[in-house]
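J.: Spelled out from the first residue to the last, the chains are:
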Amino acid sequence: KAGVTQTPRYLIKTRGQQVTLSCSPISGHRSVSWYQQTPGQGLQFLFEYFSETQRNKGNFPGRFSGRQFSNSRSEMNVSTLELGDSALYLCASSLNRGYEQYFGPGTRLTVT
Amino acid sequence: GIQVEQSPPDLILQEGANSTLRCNFSDSVNNLQWFHQNPWGQLINLFYIPSGTKQNGRLSATTVATERYSLLYISSSQTTDSGVYFCAVGLGGTASKLTFGTGTRLQVTL
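Protein sequence lines correspond, in order, to chains A and B.
The opening residue of the first sequence carries number 3 in the numbering used here; numbering runs sequentially from there.
The opening residue of the second sequence carries number 168 in the numbering used here; numbering runs sequentially from there.
FYI, nobody ran anything at the bench for these hints, they're computed from the structure.
Treat the hints with caution; some may be incorrect.
Said to hold, decoys possible - Using C-beta positions, here's what the derived DEER-type ranges look like:
| no. | chain 1 | residue 1 | chain 2 | residue 2 | range |
| --- | --- | --- | --- | --- | --- |
| 1 | B | Leu277 | A | Ser72 | 49 to 57 Å |
| 2 | B | Arg225 | A | Arg69 | 19 to 27 Å |
| 3 | A | Thr112 | B | Ile169 | 26 to 34 Å |
| 4 | A | Thr112 | B | Arg225 | 33 to 41 Å |
| 5 | B | Gly224 | A | Arg65 | 38 to 46 Å |
| 6 | B | Thr233 | A | Tyr101 | 16 to 24 Å |
| 7 | A | Phe71 | B | Thr276 | 20 to 28 Å |
| 8 | B | Pro206 | A | Gln19 | 24 to 32 Å |
| 9 | A | Glu102 | B | Arg225 | 15 to 23 Å |
Said to hold, decoys possible - Listed below are several chain B residues computed to face chain A (Cβ distance under 8 Å; list not exhaustive):
| no. | residue |
| --- | --- |
| 10 | Asn197 |
| 11 | Asn198 |
| 12 | Gln200 |
| 13 | His203 |
| 14 | Pro206 |
| 15 | Gly208 |
| 16 | Tyr215 |
| 17 | Phe253 |
| 18 | Ser263 |
| 19 | Lys264 |
To be verified - Some chain A residues well away from chain B (every beta-carbon gap over 12 Å; in silico):
| no. | residue |
| --- | --- |
| 20 | Ile14 |
| 21 | Arg57 |
| 22 | Asn61 |
| 23 | Phe71 |
| 24 | Arg75 |
| 25 | Arg99 |
| 26 | Glu102 |
| 27 | Thr114 |
Since the model is a prediction, treat every value here as computed from it, not as a measurement.
All C-beta atoms in this analysis are idealised placements derived from N, C-alpha and C, irrespective of residue type, glycine included.
Extracted from the complex, chain A is given alone in its bound form (with noise of 0.2 Å):
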């Protein structure tokens, strides 16, 4: 079975700019959240979704968005990027909710 696909890999974005990262969760995996790695905050939950609907939202700006289509692809959405906002950001799908999690690769994103 394929694992967690995450694109693009790495971007770079200019401040103010928006951003759109994929995620492709494991054949039959219907629970997709994403997360935010930093060097100072290490790693924080933004969301999670379950049947096209986000279930949990961690603690950020309404900046981050994101949505869940019915074949459970994902994506995330940043909307007016700033410095920092410039991070691995991580996919991590499981088949049903409170499941064991399984991440994709990450996209890094660097802003300037």
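Guided by the hints, dock chain B onto chain A, whose structure is given.
T.: Same frame as chain A, but now just chain B:
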């Protein structure tokens, strides 16, 4: 929110040595996972262990849920074991929302 503490923060071992990594958490959990993050940032699943003991080759883990801690044992360490080890927990209706510890950075030398 739930607090997750990992110790030690850093560990340097010679190849062949054994080690124990600890994870303490502040509340009852429904979800506990151990991960190894490689130098490229990939989080690799080691164990899903909200309670009990599991073994996988040279690695084993034990979670004592009633005392709110989990241990990861690495035996006969190899240089490929180097990296950062994370413990992550989830609780109740938000078990999908993993809270990560700050990790243990392990370096295995020849």
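J.: Indicate, hint by hint, whether the structure satisfies it.
T.: So, going through the hints one by one against the coordinates:
1. Under the hint 49 to 57 Å, the C-beta atoms of B/Leu277 and A/Ser72, about 51 Å apart, fit the expected range.
2. Checked against the hint of 19 to 27 Å, the C-beta distance between B/Arg225 and A/Arg69 comes to roughly 41 Å, which is inconsistent with it.
3. In this structure, A/Thr112 and B/Ile169 meet the distance hint of 26 to 34 Å, their C-beta atoms being roughly 31 Å apart.
4. The given range of 33 to 41 Å is respected by A/Thr112 and B/Arg225, whose C-beta atoms sit roughly 36 Å from each other.
5. In this structure, B/Gly224 and A/Arg65 meet the distance hint of 38 to 46 Å, their C-beta atoms being roughly 43 Å apart.
6. Taken as a hint, the range 16 to 24 Å holds for the pair B/Thr233 and A/Tyr101, whose Cβ atoms sit roughly 22 Å apart.
7. Separation of A/Phe71 from B/Thr276 is about 47 Å and departs from the stated range, judged on CB atoms against 20 to 28 Å.
8. The hinted range of 24 to 32 Å is satisfied by B/Pro206 and A/Gln19, whose Cβ atoms lie roughly 29 Å apart.
9. Between A/Glu102 and B/Arg225 the beta carbons are some 21 Å apart, a value that agrees with the proposed interval 15 to 23 Å.
10. The beta carbon of B/Asn197 is positioned within 8 Å of a beta carbon in chain A (closest approach about 6 Å), and the interface hint is therefore held.
11. Checking B/Asn198 against chain A: minimum C-beta separation of about 6 Å stays under 8 Å; hint holds.
12. For B/Gln200, the suggested interface contact is upheld, since its CB lies about 6 Å from the closest CB of chain A, less than 8 Å.
13. Violation of the interface hint for B/His203 is found here, the shortest Cβ-Cβ separation to chain A being roughly 11 Å, above the 8 Å cut-off.
14. Checking B/Pro206 against chain A: minimum C-beta separation of about 12 Å lies over 8 Å; hint violated.
15. Look at B/Gly208: its Cβ gets to within about 5 Å of chain A, closer than 8 Å, so that hint holds up.
16. Hint status for B/Tyr215 relative to chain A: holds, with the closest Cβ pair at about 4 Å, below 8 Å.
17. Against a cut-off of 8 Å between C-beta atoms, the interface hint on B/Phe253 holds, since the closest Cβ of chain A lies about 7 Å away.
18. The beta carbon of B/Ser263 comes within 5 Å of a beta carbon in chain A, closer than 8 Å, and the hint placing it at the interface holds.
19. The interface hint given for B/Lys264 is met, as the beta carbon of that residue sits about 5 Å from the closest beta carbon of chain A, less than 8 Å.
20. With a cut of 12 Å on Cβ distances, A/Ile14 stays outside the contact zone with chain B, its closest approach being about 17 Å.
21. The claim that A/Arg57 is not at the interface with chain B is violated, since a C-beta of that chain comes within 12 Å of its own (minimum 7 Å).
22. A/Asn61, annotated as away from the interface, has a beta carbon of chain B within 12 Å; the closest lies near 9 Å.
23. With a least CB separation of 18 Å from chain B, A/Phe71 remains clear of the 12 Å interface cut-off, as annotated.
24. The non-interface label for A/Arg75 is consistent with chain B: the shortest C-beta to C-beta separation is roughly 17 Å, beyond 12 Å.
25. Chain B draws A/Arg99 into its interface by the beta-carbon criterion, the shortest separation being 5 Å against a cut-off of 12 Å.
26. Not every beta carbon of chain B lies more than 12 Å from that of A/Glu102, the smallest distance being close to 4 Å; the non-interface claim is violated.
27. Against the 12 Å criterion, A/Thr114 stays outside the reach of chain B, whose nearest CB is about 20 Å from its own CB.
The structure is inconsistent with the numbered hints 2, 7, 13, 14, 21, 22, 25 and 26, although it conforms to all the rest.
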